[in-house]
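Go by the hints and put chain U onto chain X.
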Amino acid sequence: MRSRFFQCILTASLATGFLLVPALRGEDLSFEAAVNANKVNLGNALQLILTLHGGELKDPVPLPEMEGFQTRYLGPSTKISVVNGQVSSQYSHMYLLYPTKTGVFTIPSLRVTVNGQALATQPIQIEVVDSAVTAGGTNAAGDSSAGSVEDKIFMTLTIPKDKVYLNEKVPVTIKLFINQLLVQDVHYPEFTHEGFLADEFFDHEQYQQVVGGIPYQVVEFKTTVYPTRTGELKLGPAKIEANVLFAVAPPSGQNRFDQFFGDDLFGDFFNSYDKHPYTFSSQEQALTVLLWPKENQPADFVGAVGQFNFAATVSPVQLTLGDPLTVRMQVSGDGNLKNLPMPDLKGWNQFKVYEPQFKEEPGKKTLEQVVIPQSETITEVPAIHLSYFDPQTETYQTITQAPFPIKITKSKASEDFKIVDFTGEGASARSRPESIGQDIVFIKEKPGPWKKVGMDFYQTPLFAGICALVLLWWGGMVGLFLWNRQLKSNEALARRLQAPKKARKGLELARQQMVKGEAKEFYDTVFRTLQEYLGDKFHWPAASITSSGAEELLRSRNINHDILNRVKAIFAHCDTVRYAGVDLSGESLQDSYQRLAEAIDLLERQKR
Amino acid sequence: MRTMLWRSFLGMSVVIFLNLGVSAAPDEMSLFFKANEAYRQGDYAKAARIYERILQSGKTSGNLYYNLGNGYFKSGRLGSAVLSYERARRLMARDADLIANEQFARSQVEASPEPKASFFKMRFFDYCAYLTTDEWTIFVFVLGLATVIAHLLSLQQNWSVRQSRFWAGLFFLIWISHAGILVFKVNQQKDQAIILQKTDAFFEPRIKATIHFSLSEGTKVKSLKVEPPWVKIERSDGKMGWVQADTLEKI
Chain X
1 MRSRFFQCIL TASLATGFLL VPALRGEDLS FEAAVNANKV NLGNALQLIL TLHGGELKDP
61 VPLPEMEGFQ TRYLGPSTKI SVVNGQVSSQ YSHMYLLYPT KTGVFTIPSL RVTVNGQALA
121 TQPIQIEVVD SAVTAGGTNA AGDSSAGSVE DKIFMTLTIP KDKVYLNEKV PVTIKLFINQ
181 LLVQDVHYPE FTHEGFLADE FFDHEQYQQV VGGIPYQVVE FKTTVYPTRT GELKLGPAKI
241 EANVLFAVAP PSGQNRFDQF FGDDLFGDFF NSYDKHPYTF SSQEQALTVL LWPKENQPAD
301 FVGAVGQFNF AATVSPVQLT LGDPLTVRMQ VSGDGNLKNL PMPDLKGWNQ FKVYEPQFKE
361 EPGKKTLEQV VIPQSETITE VPAIHLSYFD PQTETYQTIT QAPFPIKITK SKASEDFKIV
421 DFTGEGASAR SRPESIGQDI VFIKEKPGPW KKVGMDFYQT PLFAGICALV LLWWGGMVGL
481 FLWNRQLKSN EALARRLQAP KKARKGLELA RQQMVKGEAK EFYDTVFRTL QEYLGDKFHW
541 PAASITSSGA EELLRSRNIN HDILNRVKAI FAHCDTVRYA GVDLSGESLQ DSYQRLAEAI
601 DLLERQKR
Chain U
1 MRTMLWRSFL GMSVVIFLNL GVSAAPDEMS LFFKANEAYR QGDYAKAARI YERILQSGKT
61 SGNLYYNLGN GYFKSGRLGS AVLSYERARR LMARDADLIA NEQFARSQVE ASPEPKASFF
121 KMRFFDYCAY LTTDEWTIFV FVLGLATVIA HLLSLQQNWS VRQSRFWAGL FFLIWISHAG
181 ILVFKVNQQK DQAIILQKTD AFFEPRIKAT IHFSLSEGTK VKSLKVEPPW VKIERSDGKM
241 GWVQADTLEK I
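These protein sequence lines are chains X and U, in that order. No gaps in the numbering here: position 356 of the first sequence is 356 in our numbering, and each next residue is one more. No gaps in the numbering here: position 52 of the second sequence is 52 in our numbering, and each next residue is one more.
Just chain X, with the same shape it has in the complex (with noise of 0.2 Å):
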């Protein structure tokens, strides 16, 4: 029934094919293109379709560059119609085209080979005009000349000067302006600055702006950057990526409320917007550093610009001999906090100085120097200054902390050997929380178990292997299961698969007593046998089947005749010799037998 299902829908499906193949072959070539306007606004992407009737095109035609558009691929589609028995094909392929600018452009011809052919398609002009003036005649500005979506989107970097001194403080302005086209998923600006140093960018702000008459919607980035190195130096251009949203109108003929009310009213509402990545650029910015003027240099200067505040206090001013004190400075103020020095304790040379830790915070850098007086005598702990250059008034400044006095006592013998706390904060470290190491755990000692580089268990030949031995095991017992229960429920299936063995066990006993010479014994065993050996085969009453019971049972069965009066001869000389009781010879035994043995024989040979 099943085979039969699937010469059906093979025979229906060779048919269908050898029917449409010559029909498809007959069919003309012809290859267009299409699009879904020739006017289209500048933020509206078009639709181009290529379609190839009566062959196939399965691959994407390559679209030359054009000018005034982006192109991105969108896919094929095929589409086989049959009406009134004609067969027609079609291959086509879409694409988008972005309108970079305004102005009238043409898609030129585009050609495809096709079994040997040549076909072109007819160039199409598409006038790409400026939304703005499409609705008012001209736009914001007045300008009703060419535009582009780079006059609808772009970008600026500014600095507050062009002169400036090595590691000043410059704030960077990046600006994305955007005018009525959609922007999505702007990413933060990259923007090059060899020769600088420069700071993460904070949070960026938007908010509207009106340049030359055009409002604007502005995305703006802020940063700084310090200059390492003078001459003169550029910094940008900036670029940001962004996803510009054209709106794509549906195919002409389905948007009929385009037709009724004009292609704003409800444009918006049945365009779907398709997003297409744009990497915006902005000029960049010239500027000159300058070295910091010799004229007044004080010569502990090391480089630190801006407007800065400087702090510093001592702790504990009385103290024993040996014991640490900290010295603490802050700087705060306008500058490059991060890479500002701070002023280095040379020259102390009454004191151990150790390691200073540092600490930053917005608009303050903090510094703490354990230093331990090497002298009873010290009554002091020298003036730290500060010097940095002020770009603003364009003069050195310096700022000094004065001399701190402190107090040393001489320590007393028990106390020679102390512990000294580094940190200066011997009372709060204590109560500090431990710091914890981090690190990887260490190696393992042993490999565990091995397996073989890239072979997962269930791709080996053993999985494989188990697998199919499982199957075959199921399979296998189902198969037996099934078999018992069917010779449990079929008595004939279960005697006829008895009977030859039976049968075999009858021939056996028949042998020996023909060994022995038991003639009478014999025959009734040779008689026995084949009685029981026919009921078995053909499911029959073994009792009734006799010489005659035993010719209309073969004959019913359609055992041919050669066989039949082999059985009934046997039948007959076993009652000849049972009932008439002749005492026959060996040689008649081994005879008798060898029919027996021969009669079943040809019996297991018949088909049922």
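Calculated directly from the structure, the hints in this document are not laboratory data. Mixed in with the good hints there might be a few duds.
If we take Cβ atoms under 10 Å as the criterion, some of the chain X residues that face chain U in the derived model are [claimed, not checked]:
1. I440
2. F442
3. I443
4. K444
5. G454
6. M455
7. D456
8. F463
9. C467
10. V470
11. L471
12. M477
13. L482
Cβ coordinates follow ideal geometry from the N, Cα and C atoms, glycine included.
Positioned in the frame of chain X, the structure of chain U alone reads:
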């Protein structure tokens, strides 16, 4: 009949377990201990090289990948360390040391965007990741075997049709759902790769193309398409781009 069922099952089990023996690998063992010694002495690069030699011989183990990951980490090759830990996870999914080391290695590289997934999806992923592929294979095999035995018992015990359908159906449902998880896991793992060094993903497979996004070393990505020497990849947040083939390696 019952005796036959159990005897045949016992025979089949003996055949299976005789074939499950793990082959000894004396050369690999001595190399492994040699590499461990180099690691102990602080020669991490040498240790990593010896572990790599074992891998070149075609043999591997979860602990070998773990130690190799440690060697890479200590040598400053964070991307390769994360790759080795990921490979080790496929062989010993629940090893606490491995999980700790992988997390620590990942904390040392730039954070990559987290995939957006629902609560149930995350639980499902956790469930898939709880066992290795080999463990899942054995688990699904055992479930399949239980289904087969349930079916044979139903035949042998002459269960009613209703009872047979219930148990066979229950076992089959459990088996087929877990087999589905195994297939999902295998497919999910197939194209995963690790970024070995910080790189940029481009919109197009060429050097001068626009940069789409950056990838830090150790980031797990999905390899979608290969156009030598470029590979199209997908980041966990769904962003796609083209990177140079030598900047990543399949897990």
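Hints and how they fare:
1. I440: holds, 4 Å
2. F442: Holds, about 8 Å.
3. I443: Holds, about 4 Å.
4. K444: holds, 4 Å
5. G454: holds, 8 Å
6. M455: holds, 9 Å
7. D456: Hint on D456(X): holds, closest Cβ of chain U at ~5 Å, below 10 Å.
8. F463: At about 7 Å, which falls below the 10 Å cut-off, the nearest Cβ of chain U leaves the hint on F463(X) intact, so it holds.
9. C467: Holds: closest Cβ of chain U sits about 7 Å from C467(X), inside 10 Å.
10. V470: This interface hint holds because 6 Å falls under the 10 Å limit.
11. L471: Holds. Min distance 8 Å.
12. M477: For M477(X), the interface hint holds, since the closest Cβ of chain U sits about 5 Å away, which is under 10 Å.
13. L482: holds, 8 Å
Hint check: no violations occur; every hint is consistent with the structure.
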